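**Student:** I would like the entire structure built from these sequences, with the hints used as guidance.
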Amino acid sequence: MTTAPVDEREPTMNHAIRTEGLVKRFGTTTALDGVNFAVETGTVLGLLGPNGAGKTTVVRVLSTLLRPDAGCATVGGYDVVRDAHRVRQLIGLTGQYAATDESLTGLENLLLIGRLLGTSRARARSRAHQLLTQFGLSDAADRPTKTYSGGMRRRLDLAASLVGHPSMLYLDEPTTGLDPRARTELWALIRELVAGGVTVLLTTQYLDEADALADDIVVIDHGRVIATGTPDELKARLGSRRLVVRPEDESQLPLVTSVVGDLAGHTPDVDGQRVTVPVTDPAVLPAVVRRLDDSGVEVTELVLRSSSLDEVFLSLTGRPAEDAERSASEEMLP
Amino acid sequence: MSTPADAPPAGPRPQARVTPVQGVRQSLTLAWRTIVQVRHNPWELGDFSIQPIMFVLLFTFMFGGAIMGDWRAYLTFMLPGVIVMNMLFVSLYVGQGLNTDLTKGVFDRLRSLPLARWAPLAGRILADQVKQAWSIVLVLGVGMILGFRVGTGIVGLLAAVALLLIFALAFSWVAVVVGLLAPDPERVQIYGMTALFPLTFVSNIFVPVQTLPGWLRELVGVNPVSVLADASRGLMVTGVQAGPIVVSLIWAVGITVVFAPLAAWVFKQRV
Numbered sequence: 001m002t003t004a005p006v007d008e009r010e011p012t013m014n015h016a017i018r019t020e021g022l023v024k025r026f027g028t029t030t031a032l033d034g035v036n037f038a039v040e041t042g043t044v045l046g047l048l049g050p051n052g053a054g055k056t057t058v059v060r061v062l063s064t065l066l067r068p069d070a071g072c073a074t075v076g077g078y079d080v081v082r083d084a085h086r087v088r089q090l091i092g093l094t095g096q097y098a099a100t101d102e103s104l105t106g107l108e109n110l111l112l113i114g115r116l117l118g119t120s121r122a123r124a125r126s127r128a129h130q131l132l133t134q135f136g137l138s139d140a141a142d143r144p145t146k147t148y149s150g151g152m153r154r155r156l157d158l159a160a161s162l163v164g165h166p167s168m169l170y171l172d173e174p175t176t177g178l179d180p181r182a183r184t185e186l187w188a189l190i191r192e193l194v195a196g197g198v199t200v201l202l203t204t205q206y207l208d209e210a211d212a213l214a215d216d217i218v219v220i221d222h223g224r225v226i227a228t229g230t231p232d233e234l235k236a237r238l239g240s241r242r243l244v245v246r247p248e249d250e251s252q253l254p255l256v257t258s259v260v261g262d263l264a265g266h267t268p269d270v271d272g273q274r275v276t277v278p279v280t281d282p283a284v285l286p287a288v289v290r291r292l293d294d295s296g297v298e299v300t301e302l303v304l305r306s307s308s309l310d311e312v313f314l315s316l317t318g319r320p321a322e323d324a325e326r327s328a329s330e331e332m333l334p
Numbered sequence: 001m002s003t004p005a006d007a008p009p010a011g012p013r014p015q016a017r018v019t020p021v022q023g024v025r026q027s028l029t030l031a032w033r034t035i036v037q038v039r040h041n042p043w044e045l046g047d048f049s050i051q052p053i054m055f056v057l058l059f060t061f062m063f064g065g066a067i068m069g070d071w072r073a074y075l076t077f078m079l080p081g082v083i084v085m086n087m088l089f090v091s092l093y094v095g096q097g098l099n100t101d102l103t104k105g106v107f108d109r110l111r112s113l114p115l116a117r118w119a120p121l122a123g124r125i126l127a128d129q130v131k132q133a134w135s136i137v138l139v140l141g142v143g144m145i146l147g148f149r150v151g152t153g154i155v156g157l158l159a160a161v162a163l164l165l166i167f168a169l170a171f172s173w174v175a176v177v178v179g180l181l182a183p184d185p186e187r188v189q190i191y192g193m194t195a196l197f198p199l200t201f202v203s204n205i206f207v208p209v210q211t212l213p214g215w216l217r218e219l220v221g222v223n224p225v226s227v228l229a230d231a232s233r234g235l236m237v238t239g240v241q242a243g244p245i246v247v248s249l250i251w252a253v254g255i256t257v258v259f260a261p262l263a264a265w266v267f268k269q270r271v
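Going line by line, the protein sequences match chains A and B.
Take the first sequence: its position 251, counting from 1, is numbered 251 in the UniProt record's numbering, and each next residue is one higher.
Take the second sequence: its position 47, counting from 1, is numbered 47 in the UniProt record's numbering, and each next residue is one higher.
Hints may contain errors.
Per the computed footprint, the stretches of chain A lying under chain B, defined by three or more beta-carbons under 8 Å from a beta-carbon of chain B, are [what the hints assert, rightly or not]:
#1 76-85
#2 112-122
#3 253-263
Bear in mind the hints are in silico, worked out from the structure with no lab data behind them.
Since we're looking at a predicted model, the values are computed, not measured.
Where a beta carbon is used, it is the ideal one built from N, C-alpha and C, also for glycine.
**Tutor:** This is the structure we're talking about:
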């Protein structure tokens, strides 16, 4: 279950974003090696993968900053190469680093973008104030952004990408480097936007972030899609639910271990007084209950829990997300 | 589908391309941005202008007497040249600002907006002409406080400023190339200064060429900085000399012809 590079859903006209066989090379490095996926209108797609997997390259192609070497991509039905100018009118981009002009104030940054988009002075001003209020930056509106905290910069950056009311929003690792509170605040803002009907493409290295925000997840590694599905599907598809049993009497551990191992078909792990085993068949649970009851074992804990996305990631890429980040040589920036 | 999901105040269907008028307006908006930066911090120009101003003071009082016997005469001789030097230093701003935009991601944001492809570059070069004009006023002001007097009149002064701005516009392309090639903004300054110090000192800005050995005099003579300094001196102090003005303009055209396409090429490679 490690190679599923194709979008399994039927192609429909509801796809806000589609990529077909995207290939991008930088010199001898292949950053994207045939990437296919689709994002339905009004949903959040989490693009998950370690550093260097090609996430940023995908975003750069979809924001018309990079031309793919092969394959194609459409945004809102428009081709990102042939109709780049139209695509740019639909999208908002928030990069990995907060791309605002540090010497301008928060208000001026938003005004600048409004004016660049061709809105009148008055409308640009009212839109800027509206966004500053929405993002809790009103008090800092007239301060140069170099005085902003990391969280404030990210919020301003997000606000900047929303000036033109984009219908697609690309969030490239929006919370990297933020403290937990700033992260939670940003998540809440993103949820609000999605509720307002915006289609979101979110790249992240944080599995909990994808779990919390994404409707669908595409896992990429080495420039290829290695899995797609909803967070729940991904967790379930890997079969890795875990059955945890803890007998009341420690002396019954060997018995419990043999019963559980027998029914699950794997050798369980014994961790202190807990017996843990991966299970694929949900019917194992009632069977375990019956057998333990027949043997007169009393249990204090009996759980069947889904594996976390971290475990999914580990089994897909063969390495934990954090390690993959650290060992990855470079993020593919030209 | 051909119509995208509606955004709140959904405008008409997306436009196929940018009109030239829109491109010009976008460039002006981006130029406004750079001018706002100056308004926030008008003395930031000091970064580059402090050196020329320091040279005005240092050379006038330390060496002025020794070189010309009288510091006032020396100030009159040197100041037009220092304005040229200052103009070259300030043009590094184009490169530094461009590099900052590239390394901080501002450029990505701009390129993801529906703008004319040339607007970000045009906006920056345009705005830096305003910075140029402001810094010329700055150096001239310091000179006037010390006792520099324009010998030709207001028309000559304005013509000198115009010539300097034309040359600055041409030289901006060199700064753009440096800005695109340098890995970070600090390096733009280091590379730029390293190139500009010999270029400005091996010229007739600070010393009359009569005392130089023959070969050096030849070298100084062909240096465009000397030519431009002569032209400025003529326009501001001693009276119009057509020769240096024409040669300065030829240099400006030449620099543009070589460096503008080079800048465009490097630009395509980098972004």
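**Student:** Hints broken by the structure, by number, lowest first?
**Tutor:** Hint check: 3 fails alone, others pass.
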